[in-house]
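Novice: Chain residues, written in single-letter form:
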Amino acid sequence: MADDILIIGAGQAAAQAVQSLRAEGFAGPIRIFGDEPYAPYQRPPLSKKFLAGEIGYDRVELKGHDFYAQSGVETHWGTRVTEIDRKNKRIFTAEGREYPYGKLILAMGSRVRELNVPGFDLKGVHYLRNIDDVKAIQEHFRDGTKMVVVGGGYIGLEVAAVAAKRGIDVTVLETADRVLARVVDPIVSQFYERVHREAGVKIETGVTVSGFEGTDRITAVTSGEGKEYPCDFVVVGIGIIPNTALAVEAGLEVENGIVVDEFCRTSDPDICAAGDCTSHPNAVYGRRLRLESVHNAIEQGKTAAATLAGKQKPYDQVPWFWSDQYDLKLQIVGLSAGYTEAVVRGDPENSRSFAVFYLKDGVLVAVDAVNRAPEFMMAKVLTQKKAKLDPARIRDESIGVKEIAG
Amino acid sequence: MAKITYIEHDGTEHTIEVENGVSLMEAAVKQGIPGIDGDCGGACACATCMVFVPEEWQGKLAGIETMEETMLEFCEHSAENSRLCCQIIASNELDGIRLTLPESQH
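Chains as they are written, first to last, in the numbering used here: chain A, 779 to 1184; chain B, 4 to 109.
Here chain A stands alone, though its shape is the one from the complex (with noise of 0.2 Å):
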């Protein structure tokens, strides 16, 4: 019977899986299949300095070339798999290759959720998701061309800092009556309001997009609300859905992303899954999580790989992202969701540096700091920690970072 491990996905989890794989002593064959024509890159820079023109492919690029080689590892970029055969433990190929295996590692990541309105098909509409992407956008950046993003998410607003700075005129349509409605406190919405619209960046909350307008290329947006955006080209960026039909048809357990347990299981022993399209217990919110994380697809590589060669290590961390936008460095760690009192560190009114601390009932679960790494890393700490925080003393800047918990 084959002992050869195969990873589908080529991103940043199936990238840490190779090497953690090697590094835990695993020997045997390792086929890895994605199906874009490039091998594992990030993904954060693309909407952040790769879009700005700052750094190119090689820069983005995760391993250098002759790492696959050394490693003993067979690429096959450009391959999508079709089929998980779990019965008779093999896979197959979009050429109508089959490729038998011991082990599998679900590593396929996740795509964007599509805006299914009039005009969806027109020239000029795009996403941003991959290399290719953001190649197609930067086409359009030249001065004075108009942009409409549609969704102030982390992405759309990356995009809009991007594009105000290559002097584009952008304006932001958002459904929510905020930016960043689903994953911070309005004090932080208003804080990246204020700053886009000093950077020259329209934003318009509470605008739902009916339609695309043109004959061939888009020449505007029209909302629900009867009004009309003229536009040279669009980003929509209204969040992403995790891969998992080939685990739904392979008959493992989804439910919100493919369900695993600490140690990358799914419920098939002999295949482990990690990155964007798991679903995993986490033991510091006591529920299951989905992440959309470089941070969460690394942990759950090295957890994967770790578990196919024989040994435990399990995942347990508290999750944590980033996003840069003008010359702000937001660090976010933990998930706000369900806090009950948000504590503000700092004057995001008068200055571009503070900190929010999410507490649920006394308990610190989130942090997002806006230029503020002393409170990012501690926030690290104390929120694996489950600390109970005294809001006042969080408040109170005569008090050091480091005491802050008292």
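Relax, there's no trap hidden among the hints.
In the EDC-like style, the derived pairs of lysine to aspartate or glutamate whose C-alpha atoms are separated by at most 16 Å in a straight line are:
#1 33/B with 844/A
#2 1180/A with 79/B
#3 1180/A with 76/B
#4 1163/A with 79/B
Keep in mind the hints are simulated off the structure, nothing from the lab.
Based on the hints, put chain B in the right spot on chain A.
Specialist: Just chain B now, kept in the frame of chain A:
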């Protein structure tokens, strides 16, 4: 070009050649050296690329900037000679440097 040696906490050594101008984090990640994750891709936002720099090499590194200093100050297991290697850029000057990795990044 500089020859850089990364020493894992268990003593395992990895020596690689790094082109001038490339950060020692990026080079380590690209070669798959265990113990250097670089989650944030070099934005000085995650502190997953901490290394210990021997005293005799410290004078050859560019000065430490505020962001890095702050991250290190709040990093568990950091020491006087800690640096984030996403902020160390390879040059001929660093040829032969030996960096030790903390156990916490294992």
